[in-house]
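> Single-letter residue listing:
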Amino acid sequence: MKIFLFYCCFFRFLYLFSYLCPRKHHRITPMKLKYLLLCASLVFALPGTAQTEDIEHEDSLQEVIVNAHSARKRMNEVQMGVEKIEITTLAKMPVLFGEKDIIKSLQLLPGVKSESETSGGYQVRGGKATQNLILLDGASIYNSGHLMGIFSAFNDDALINATLYKGMMPAELGGATSSVFDISTRPGNMQEYHVSGSIGLLAAKAMAEGPIKKDRASFFVAARRSYVDLLLKASKDFKNNTLNFYDMNVRLDYKLNEKHRLALTAFHSRDNMGLEDLMSLKWDNIAVGLNWFHAASDRYFAKTRLTYSNYGSDATIDMMSTHYGMVGFIRHLTLHREDHLTLGSHQMNLGLESTLLHLQSAEWNINLLHQREHRKAWTNAFWVNDDWKVGRLLDVSAGVRLRLFSVLGGVPYYQFDDNGNITETQTTSNGEFVKTYVHPEPRLSMKLQLGAKHSLKLGYSRTTQDIRAISGNTQSMPIDRYTMTSNILLPEIADQVALGWMGMTKDGTYDFSAETYYKHINNTYDYRDGKSFYSEIEIERLLLGGRGRAYGLELCARKNKGRLTGWMSYTLSWSENKIPGINGGKWYTAPNDRRHDLNIVSMFRLTKHWDLTATWRYTTGQAMSAPSAKYEIDGTTYYYYAERNGYRAPVYHRLDLSASHTKRIGRRRRLTRIWTFGVYNVYNRYNPFTISFVNDMDKPTGTKTEQTSIYGILPSVSFTLKY
Amino acid sequence: MLMMLVALTSCKKEIEMDYREVEPLVMIEGRVTNEGVSVLITRTRNMDDPARGKGLAGAHVRIETDGVSEQLLYDASTGCYLSPSGMKGQTGKTYRMTADFEGGHYEASSTMPPPANIMSAQFRWLDFMNDRMLFFCFEATDAMPDQLNYYWCRMDRQTTNPWLLEHVDLTEAYRWGVFDNRGAAPGLIIHDIMCMTKNNAEKDKEDDRKRLLYDGDIVTLTLMAIDHPTFEYFKSLSSGQRGGANPKSNIEGGCLGYFTAGNVSRANPVVYHPD
Numbered sequence: 000m001k002i003f004l005f006y007c008c009f010f011r012f013l014y015l016f017s018y019l020c021p022r023k024h025h026r027i028t029p030m031k032l033k034y035l036l037l038c039a040s041l042v043f044a045l046p047g048t049a050q051t052e053d054i055e056h057e058d059s060l061q062e063v064i065v066n067a068h069s070a071r072k073r074m075n076e077v078q079m080g081v082e083k084i085e086i087t088t089l090a091k092m093p094v095l096f097g098e099k100d101i102i103k104s105l106q107l108l109p110g111v112k113s114e115s116e117t118s119g120g121y122q123v124r125g126g127k128a129t130q131n132l133i134l135l136d137g138a139s140i141y142n143s144g145h146l147m148g149i150f151s152a153f154n155d156d157a158l159i160n161a162t163l164y165k166g167m168m169p170a171e172l173g174g175a176t177s178s179v180f181d182i183s184t185r186p187g188n189m190q191e192y193h194v195s196g197s198i199g200l201l202a203a204k205a206m207a208e209g210p211i212k213k214d215r216a217s218f219f220v221a222a223r224r225s226y227v228d229l230l231l232k233a234s235k236d237f238k239n240n241t242l243n244f245y246d247m248n249v250r251l252d253y254k255l256n257e258k259h260r261l262a263l264t265a266f267h268s269r270d271n272m273g274l275e276d277l278m279s280l281k282w283d284n285i286a287v288g289l290n291w292f293h294a295a296s297d298r299y300f301a302k303t304r305l306t307y308s309n310y311g312s313d314a315t316i317d318m319m320s321t322h323y324g325m326v327g328f329i330r331h332l333t334l335h336r337e338d339h340l341t342l343g344s345h346q347m348n349l350g351l352e353s354t355l356l357h358l359q360s361a362e363w364n365i366n367l368l369h370q371r372e373h374r375k376a377w378t379n380a381f382w383v384n385d386d387w388k389v390g391r392l393l394d395v396s397a398g399v400r401l402r403l404f405s406v407l408g409g410v411p412y413y414q415f416d417d418n419g420n421i422t423e424t425q426t427t428s429n430g431e432f433v434k435t436y437v438h439p440e441p442r443l444s445m446k447l448q449l450g451a452k453h454s455l456k457l458g459y460s461r462t463t464q465d466i467r468a469i470s471g472n473t474q475s476m477p478i479d480r481y482t483m484t485s486n487i488l489l490p491e492i493a494d495q496v497a498l499g500w501m502g503m504t505k506d507g508t509y510d511f512s513a514e515t516y517y518k519h520i521n522n523t524y525d526y527r528d529g530k531s532f533y534s535e536i537e538i539e540r541l542l543l544g545g546r547g548r549a550y551g552l553e554l555c556a557r558k559n560k561g562r563l564t565g566w567m568s569y570t571l572s573w574s575e576n577k578i579p580g581i582n583g584g585k586w587y588t589a590p591n592d593r594r595h596d597l598n599i600v601s602m603f604r605l606t607k608h609w610d611l612t613a614t615w616r617y618t619t620g621q622a623m624s625a626p627s628a629k630y631e632i633d634g635t636t637y638y639y640y641a642e643r644n645g646y647r648a649p650v651y652h653r654l655d656l657s658a659s660h661t662k663r664i665g666r667r668r669r670l671t672r673i674w675t676f677g678v679y680n681v682y683n684r685y686n687p688f689t690i691s692f693v694n695d696m697d698k699p700t701g702t703k704t705e706q707t708s709i710y711g712i713l714p715s716v717s718f719t720l721k722y
Numbered sequence: 000m001l002m003m004l005v006a007l008t009s010c011k012k013e014i015e016m017d018y019r020e021v022e023p024l025v026m027i028e029g030r031v032t033n034e035g036v037s038v039l040i041t042r043t044r045n046m047d048d049p050a051r052g053k054g055l056a057g058a059h060v061r062i063e064t065d066g067v068s069e070q071l072l073y074d075a076s077t078g079c080y081l082s083p084s085g086m087k088g089q090t091g092k093t094y095r096m097t098a099d100f101e102g103g104h105y106e107a108s109s110t111m112p113p114p115a116n117i118m119s120a121q122f123r124w125l126d127f128m129n130d131r132m133l134f135f136c137f138e139a140t141d142a143m144p145d146q147l148n149y150y151w152c153r154m155d156r157q158t159t160n161p162w163l164l165e166h167v168d169l170t171e172a173y174r175w176g177v178f179d180n181r182g183a184a185p186g187l188i189i190h191d192i193m194c195m196t197k198n199n200a201e202k203d204k205e206d207d208r209k210r211l212l213y214d215g216d217i218v219t220l221t222l223m224a225i226d227h228p229t230f231e232y233f234k235s236l237s238s239g240q241r242g243g244a245n246p247k248s249n250i251e252g253g254c255l256g257y258f259t260a261g262n263v264s265r266a267n268p269v270v271y272h273p274d
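Residue numbers (numbering that gives the first Met the number 0), protein chains in the order written: chain A, 0 to 722; chain B, 0 to 274.
Read the hints as simulated data drawn from the structure, not as lab findings. Owing to the predicted nature of the structure, the values given are computational and were not obtained by experimental measurement. Where a beta carbon is used, it is the ideal one built from N, C-alpha and C, also for glycine. There may be inaccurate statements among the hints.
Said to hold, decoys possible - With a straight-line cut-off of 25 Å between C-alpha atoms, the simulated PhoX-like cross-links for lysine-lysine are:
(1) A:K703 <-> B:K87
(2) B:K247 <-> A:K585
(3) B:K53 <-> A:K698
As the list claims (entries may be wrong) - Derived list of chain A stretches under chain B, where covered just means 3 residues or more per stretch with a C-beta under 8 Å from a C-beta of chain B:
(4) 617-630
(5) 696-706
Given only the sequences and the hints, what does the whole structure look like? Please build it.
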């Protein structure tokens with residue numbers, strides 16, 4: 000069955016590929032061109048300048064977005080490794096428990112993988128989830144999952160667009176070695192009021208938007224809250240437990256005049272989990288931003304942004320004689336300024352970003368012991384980027400980002416021996432520059448147009464990362480400790496080269512792309528063997544640094560028009576690490592290494608009211624460590640691991656279906672009612688979540704290998720009402 | 000209902016794994032304690048080998064302290080190398096072990112910390128989500144409260160349960176672990192070992208039986224004060240089994256295992272009764 004499906008998909012891909020054979024030259028009529036340009040300019044302006052007055056109602060807004068992400072738009076994109084997420088498409092995806100999830104949808108794109116079935120983390124081009132940066136309206140968001148990552152913290156109602164940069168990114172972005180996911184909150188409508196409400200199996204959400212002063216100022220508010228805890232209250236066994244999450248997005252837009260606009264954005268998400276008074280786990284993100292958009296002329300505009308973000312986590316255990324508490328946070332205060340200038344065939348972007356960082360890797364109470372480790376830093380970046388149209392066929396985007404990271408004093412810094420023991424403590428005064436790192440980050444993307452229907456792309460990018468989560472598990476957790484570049488820990492530096500091709504059929508109904516990449520990362524850190532997040536308060540004592548490399552090929556075929564739309568993406572990839580002290584200091588397969596990933600997404604407009612969506616995901620086995628021998632210590636059998644991650648878990652595949660029924664109701668038909676039905680894991684396959692090795696005297700070998708699966712078939716339903 | 004649905008649809012099943020074989024490695028488990036000296040030498044076995052490892056003869060094993068060295072002799076009944084003079088470890092002394100076996104030379108040293116005398120050990124129940132959880136709790140002295148001290152503990156049980164006698168290897172520890180005295184009250188360490196829930200005990204599922212205690216089971220506790228390298232070894236042994244890493248041995252020469260000079264104390268046996 001699996002092989003049959005794979006070959007069906009493969010031959011379908013070849014069939015679609017055949018559309019690319021050159022036929023007669025395709026012409027774009029002036030009318031089409033005008034429409035395309037209009038769409039493109041609107042989408043470009045929306046996140047920044049909030050020109051919602053141009054859009055009469057929500058349906059037309061959605062239409063604009065879909066068209067702007069057309070095959071032509073993708074082909075004309077000079078920047079490599081960019082995935083623009085269509086929020087309208089996201090709304091149609093089958094989802095777990097009926098909650099639409101932008102992060103889960105992201106994982107269906109080429110080069111993007113899920114960390115695990117229960118995780119909100121994603122891995123891009125062989126990187127770890129902790130090497131991604133998520134920006135919401137320019138503010139950094141960490142651990143962006145609700146319920147330990149089952150859902151993302153981003154309410155799809157509140158988003159207008161989102162772009163994933165897979166390591167290749169323009170000079171104004173930085174701070175992550177794997178990817179930057181840039182998300183924008185939706186501005187409120189300056190013409191009309193709209194409200195909507197939605198009820199799902201786990202959570203309810205509501206949205207309201209409208210003018211504060213027509214054509215001048217608008218508001219947008221969206222909120223979501225789970226009600227699992229209300230159900231728990233009704234249960235005798237679980238009534239004293241806590242399990243809830245909520246998130247809220249607010250945006251206020253104000254148009255000073257035709258050239259100046261202001262936008263104030265705010266986001267708050269929080270999770271509360273607790274087992275009676277014995278254990279609790281809470282984490283939250285707060286982000287506030289003030290944006291000023293200034294368009295002086297057709298040739299010049301600027302964006303200035305002041306943002307503050309605070310991610311916090313709090314875990315406690317109070318059981319018998321154990322009283323344990325750990326609190327961590329990351330706070331950013333950032334001023335960002337970018338200027339865009341058009342000079343002939345050059346589009347220049349130059350700017351600066353200055354951030355004050357305050358990071359507490361942990362403050363803990365272990366019975367009578369109280370310890371705290373926190374650090375401060377000041378980071379600055381200056382960049383210049385030029386999008387240059389060199390003649391009719393060649394486009395070049397070249398830039399450099401100069402990054403300065405200054406470790407600030409006021410807390411002790413250390414020197415360590417090879418075993419992580421402190422050999423020297425350095426006392427520093429408040430505000431003292433302990434160490435400054437300066438790194439130029441060159442960026443280059445080139446696009447060569449090969450006729451009207453094909454383009455060839457080449458890119459190189461260097462990125463650095465200073466803040467990282469150190470995870471002792473294969474997936475991100477709220478209890479992960481974060482650390483940043485210090486006098487000991489060096490900035491993580493990634494160099495990536497990529498080569499790509501894109502082609503489309505003459506009317507843009509189909510498009511195809513292939514990208515291959517090679518990435519090398521320096522100064523990637525992991526826990527020493529036997530160490531975990533609570534082993535020592537000085538986190539640098541727990542870590543070992545090394546190198547990583549990843550390479551692969553990404554293929555994607557899309558159908559963009561007609562009743563049936565969708566895409567098929569395939570990723571072939573390798574990911575390896577080399578860390579002294581692990582695997583004898585030799586290169587070893589990274590735990591996130593997976594050779595083949597295939598995703599098929601199809602959306603079918605059955606009738607005017609019914610939309611059907613199906614997604615099928617197939618991945619070959621995740622790298623895992625399995626023993627090669629066994630021995631006894633103190634009478635108990637243990638396993639000997641000859642190599643790190645040298646084995647493969649069983650394959651994973653899953654089919655999800657969704658059907659939504661949309662109908663306008665009411666006297667003036669101003670209400671829209673949407674029923675969404677979904678089935679997760681339709682054929683109830685037990686996919687591997689964990690694999691463990693257990694001593695079992697009843698087995699002839701004395702050892703049993705057990706696979707644990709999390710989700711079987713799960714139906715869902717949600718109801719939405721919009722005005 | 001939703002959680003029930005997830006619980007109902009999740010599952011655990013046995014799968015086949017094609018293990019790759021490797022050349023057998025030497026494993027040494029050496030202990031000098033206040034109760035005596037023993038060194039066990041075995042080899043690793045293939046994953047499909049059901050037999051437990053047996054102590055191997057033919058090694059030349061010595062223990063040295065304060066310039067005095069003694070050769071250990073192989074005892075066929077235990078499979079271990081033992082001190083012919085009945086040597087016992089003493090607090091504060093550093094012991095050095097050397098072992099020559101089949102062309103390999105292995106050596107390690109360890110310093111014996113002061114003892115942690117067990118003051119009390121008992122079962123206690125904790126109310127937990129409409130259920131009760133059983134803990135085995137003990138208190139012991141912390142001889143050097145002004146510094147970081149490390150401990151290894153092990154729970155064994157004697158049972159008359161016929162199913163356990165037939166299906167479980169009772170030479171394995173019922174529970175074991177390592178911990179340190181961070182945050183402990185001065186001079187006192189308190190430690191709780193989680194055993195089972197009352198619901199699980201009443202359900203008595205076959206998969207859980209290895210972790211369940213039965214009425215009349217006799218539990219013994221061994222507590223050993225250990226040095227930091229031994230703590231690191233056991234800590235990494237415990238965590239590495241889940242993460243695919245081998246523990247960091249304190250023995251030089253390229254073998255598995257550890258050598259420790261530990262100070263052992265034992266609690267009086269405790270009989271488990273459900274009520």
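> If a hint holds in the structure, say so; if it doesn't, say that too.
Right, here's what the structure says about each hint:
1. A:K703 <-> B:K87: violated, 40 Å
2. B:K247 <-> A:K585: The hint holds at about 17 Å.
3. B:K53 <-> A:K698: Holds, because 20 Å separates the two Cα atoms, which is no more than 25 Å.
4. 617-630: holds (count 8)
5. 696-706: holds (count 11)
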